[in-house]
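Enquirer: Protein chains in written order, with my numbering: chain A, 1 to 512; chain B, 513 to 936.
Note that these hints are calculated values from the structure, not bench results. Nothing here was measured: the structure is a model prediction, and the numbers come from that model. Do not take every clue at face value.
[Claimed, not checked] One side only, chain A facing chain B, incomplete, derived with CB under 8 Å:
#: 1; residue: Asp176
#: 2; residue: Ser353
#: 3; residue: Arg420
#: 4; residue: Gly424
#: 5; residue: Pro426
C-beta: ideal position from N, C-alpha, C; glycine also.
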Amino acid sequence: MPRVWAVMGLLLFCRVAASSGGEEPSWAELIDGHIQARLDAAGVPRAPVADDAEFLRRVSLDVHGVVPSAAETARFLDSPDPDKRSRWIEQLLADARFGEHLADEWRRRLISPLANENRMQSDRFAAWLAERFNSHAAWDRIVFELLTAEGTMEQNPAVTYLIEGRNPLGVTDLTDLTSRYFLGVRLNCAQCHDHPFVAWTRQDYWGMAAFFAQIQTPGRPKLVHQVGVRDDPRMTLAVLAGQDMIEGFLHQPPTFLGGERLPEGETGVYRRALAHWMTSPENPYFARAAVNRTWWKLFGRGLVQPVDDMHSANPPSHPELLDALARRFIASGFDLRALYRGILNSRTYQQTSRPGEQPDREAELFARMPIKVLTAEQLYDSLVRVLGPPARAKEVNARLGARHEFTQFFADSGDPDPTRYERGIPHLLRLMNSPQFGERNVAALVAQAASPGRSADEVVDELFLAILSRRPTESERELVRKHLSQEGAARPGAYQELAWALLMSSEFSLNH
Amino acid sequence: MSAASTRRRFLAAAAAGSTLTGWLGRLAAATDDHPPAKSCILLWMSGGPSHLDTFDLKPQAPDHIRGEFRPIDTTVPGIQISEHFPQLARLMQHAAILRSMSTVESDHQLATYHLHTGYQQRAGGVSFPSLGSMVARELGERDVPLPNFVCIGAGPRHATRAGFLGPDFQPLDVTDPARGVDFIEPLTTPNQFLRQYDLLTHLETSFQERYRAEAARAHSATLSRAVRLMTSEQKRAFDLSQEPEAVRDRYGRGAFGQGCLMARRLIEAGVRCVEVLMGDGVAWDTHRDNFPRTRALSAEVDVGMAALIEDLQQRGRLDSTLVVWMGEFGRSPQTTSDGGRNHWAKAWSTVLAGGGIRGGQVVGRTDRDAAEVLDRPISVTDFLGTICTILGIDYTRENRAPGVERPIPIVDTTKEVRLLTELL
Numbered sequence: 001m002p003r004v005w006a007v008m009g010l011l012l013f014c015r016v017a018a019s020s021g022g023e024e025p026s027w028a029e030l031i032d033g034h035i036q037a038r039l040d041a042a043g044v045p046r047a048p049v050a051d052d053a054e055f056l057r058r059v060s061l062d063v064h065g066v067v068p069s070a071a072e073t074a075r076f077l078d079s080p081d082p083d084k085r086s087r088w089i090e091q092l093l094a095d096a097r098f099g100e101h102l103a104d105e106w107r108r109r110l111i112s113p114l115a116n117e118n119r120m121q122s123d124r125f126a127a128w129l130a131e132r133f134n135s136h137a138a139w140d141r142i143v144f145e146l147l148t149a150e151g152t153m154e155q156n157p158a159v160t161y162l163i164e165g166r167n168p169l170g171v172t173d174l175t176d177l178t179s180r181y182f183l184g185v186r187l188n189c190a191q192c193h194d195h196p197f198v199a200w201t202r203q204d205y206w207g208m209a210a211f212f213a214q215i216q217t218p219g220r221p222k223l224v225h226q227v228g229v230r231d232d233p234r235m236t237l238a239v240l241a242g243q244d245m246i247e248g249f250l251h252q253p254p255t256f257l258g259g260e261r262l263p264e265g266e267t268g269v270y271r272r273a274l275a276h277w278m279t280s281p282e283n284p285y286f287a288r289a290a291v292n293r294t295w296w297k298l299f300g301r302g303l304v305q306p307v308d309d310m311h312s313a314n315p316p317s318h319p320e321l322l323d324a325l326a327r328r329f330i331a332s333g334f335d336l337r338a339l340y341r342g343i344l345n346s347r348t349y350q351q352t353s354r355p356g357e358q359p360d361r362e363a364e365l366f367a368r369m370p371i372k373v374l375t376a377e378q379l380y381d382s383l384v385r386v387l388g389p390p391a392r393a394k395e396v397n398a399r400l401g402a403r404h405e406f407t408q409f410f411a412d413s414g415d416p417d418p419t420r421y422e423r424g425i426p427h428l429l430r431l432m433n434s435p436q437f438g439e440r441n442v443a444a445l446v447a448q449a450a451s452p453g454r455s456a457d458e459v460v461d462e463l464f465l466a467i468l469s470r471r472p473t474e475s476e477r478e479l480v481r482k483h484l485s486q487e488g489a490a491r492p493g494a495y496q497e498l499a500w501a502l503l504m505s506s507e508f509s510l511n512h
Numbered sequence: 513m514s515a516a517s518t519r520r521r522f523l524a525a526a527a528a529g530s531t532l533t534g535w536l537g538r539l540a541a542a543t544d545d546h547p548p549a550k551s552c553i554l555l556w557m558s559g560g561p562s563h564l565d566t567f568d569l570k571p572q573a574p575d576h577i578r579g580e581f582r583p584i585d586t587t588v589p590g591i592q593i594s595e596h597f598p599q600l601a602r603l604m605q606h607a608a609i610l611r612s613m614s615t616v617e618s619d620h621q622l623a624t625y626h627l628h629t630g631y632q633q634r635a636g637g638v639s640f641p642s643l644g645s646m647v648a649r650e651l652g653e654r655d656v657p658l659p660n661f662v663c664i665g666a667g668p669r670h671a672t673r674a675g676f677l678g679p680d681f682q683p684l685d686v687t688d689p690a691r692g693v694d695f696i697e698p699l700t701t702p703n704q705f706l707r708q709y710d711l712l713t714h715l716e717t718s719f720q721e722r723y724r725a726e727a728a729r730a731h732s733a734t735l736s737r738a739v740r741l742m743t744s745e746q747k748r749a750f751d752l753s754q755e756p757e758a759v760r761d762r763y764g765r766g767a768f769g770q771g772c773l774m775a776r777r778l779i780e781a782g783v784r785c786v787e788v789l790m791g792d793g794v795a796w797d798t799h800r801d802n803f804p805r806t807r808a809l810s811a812e813v814d815v816g817m818a819a820l821i822e823d824l825q826q827r828g829r830l831d832s833t834l835v836v837w838m839g840e841f842g843r844s845p846q847t848t849s850d851g852g853r854n855h856w857a858k859a860w861s862t863v864l865a866g867g868g869i870r871g872g873q874v875v876g877r878t879d880r881d882a883a884e885v886l887d888r889p890i891s892v893t894d895f896l897g898t899i900c901t902i903l904g905i906d907y908t909r910e911n912r913a914p915g916v917e918r919p920i921p922i923v924d925t926t927k928e929v930r931l932l933t934e935l936l
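Using the sequences provided together with the hints, build the complete structure.
Expert: Pasting the structure below:
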């Protein structure tokens, strides 16, 4: 099936290339062309381009994981520069926050929720990832390093994935996570039975699992924390199955997904062979998985949906586009910044999230931007940007650091759908009533906004800019005027009420 | 033999056979002489209590297995429990001891998740709802000020969440019963709070009109539920100072006893499931000093749990409230050189009381050393299927999880589910 997509993609690609006068279209043109073609065929109109404020806040949250400051926002909104959007994108991509935010995202995925909760290890791993992203290491290189890392977590943070990415029955979890996050396929059901709808069989699953056999410590899985990851050539699936209880066990030699066996007599380190196969430009899954994962994170929905369930019976919504992007990504040398730059500069990324007449169809066809929920990290970093560092709260045990505690409290489990709001009453009570980001911080923000000589309208503008990264609409301005004049002249207390309401709004907790 | 009991026996025998009759058995339980229970209190014993030193004592076993405690008689002839449960021994007629729990996970986190959700946790996989969230979903009334699921005490948060059921069924956590719900009072005066909340609702409406997003709807709905709780009369259920001192004493003044008291108050206020987490994730994990620690913990459980059962009974709520006592596994028959016991999932005990079950019985049997199940092994799915049935929940009902093709039944029916019909 991937080959069929490849051929179809190539045909269409040639057509797109031809239509633009033989010159290769830019990434953004490529994206917009394919999206528009499907919209035309379906008769669904495209949403208008987002205004500058919507764009600025969205792209800042997506790339840096934090809202822009009030000053940056005002400068951006007031700038007449026609290229200000692409300039802002370049500025974001060049900043170290790019790698730090990406590291936050990948740390949540690559460290199993079952791992021993050790903030030091997790932070060291995130710092390692951030450094790799920021020093322009290519995605194939980073994944190669993750899969072939050796030693203990203290010596080498890269090895954290192989240790903490798994529960005590390591071989099965590493098989699941590696295929899910790096290849975009769900093999886990095939651990115990052949998948009812999909081509994956138990042979596929255990063939991949066999690559991880050499780094296991059977019988004493937690031993790996002390001795670190190293390869023992005597260790095979059969040995493991003899010593640990492995559900659905099937003896298979190391076999790459798709059926190609590790050559007989190959005595090297299995996972090195796996890493070479996975990150090769010829690998049919690797680049597509990275493209689809990035698209999913930015658009809240994959070209293949669910994001990690790419198989023949679940085709992409835009097969040619996925193929073309994957090919470009490979040609760029697996350069994540190039992929981001391409998507962020497209009209498709920059259109508004306000719905039109057919909201469901629009979402499926990327006719408008979906609305995403801020992750725990985005929420914390944005609160700090707006309100400054958190105050102490007696109910909060921040022994391991305020950011760590906050993100543990607010984090969604698993690999959450970016568009789904999962928080409950405890989270809202805490947002509304915790002194952490409470009166003191809000009072300081208001004091700053209400600097001498500013009119009431200007103070209100400033609070909207600081919190929602935009100026109020006319009707909001009217609403706020009414509120401020409830008890005569504008009181400092009334500004604080406004700031609180803006911070608690859906708009602040979402990325629209 | 009465007609009803003949019929029950027939159904019980039939239910053991096939899924169809299993369904008949549940139907019978729901329509026959057992009106379904309406609420559930789960007493969670973090760390895994030793079955040999609580509800499955083995006086005939050799010294190094038998341990230090002696069995005592209960109000039910032939049933003995640990000498450190004198109060519970008086209430045995209301309870059933399940002595043949036999499960597969012996790691704390994995077992805690498995026993709470009925599914095994896989890295990166579906996140499954806990029993409390499922009860809240199935039995909870919508549009009430209190959440339908409350967790009291510090403990394993990863296993008690709503998973794919979403924010409406997320538990409200009360970390310390003496402190009540954290952040339930506004930082400002009530008047100022209402003023700013009023402004907020206008902003919410205006955003929702422009963007019509499901995530915004969910955020606003959760926000208004949180504010409704803050401003409700019923939040007094979280305030233990409303209880007479004598009642507070009767439950024991520790976090567990006070948690049991809060659970009773919450059930009376309409909450469908309350989980009281004992021991901050580790208390019963007695790899060393098993006997002094188990003795102290047992004393706390005895006072709190007995007060709960009796109080529920005196207030006419015991038949409609199922009390479940359980941990994530049992402990090894062999004692270690540090006087401890290690993890043991092959054979262990749980206790059910109230909820209209047929009390005063023991289900299942282990061997001389309480190491293996001899009779009536009870899996996680058997156990949770039975709890659902007692509560009047059809455990075969299927849910849809976002991004998952297959429907997911409340209890994993791809595994065999053998209900404990003798309790129904």
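Enquirer: Evaluate each hint against the coordinates.
Expert: Structure-based check of each hint:
no.: 1; hint: Asp176; in the structure: 6 Å, holds
no.: 2; hint: Ser353; in the structure: 6 Å, holds
no.: 3; hint: Arg420; in the structure: 6 Å, holds
no.: 4; hint: Gly424; in the structure: 3 Å, holds
no.: 5; hint: Pro426; in the structure: 5 Å, holds
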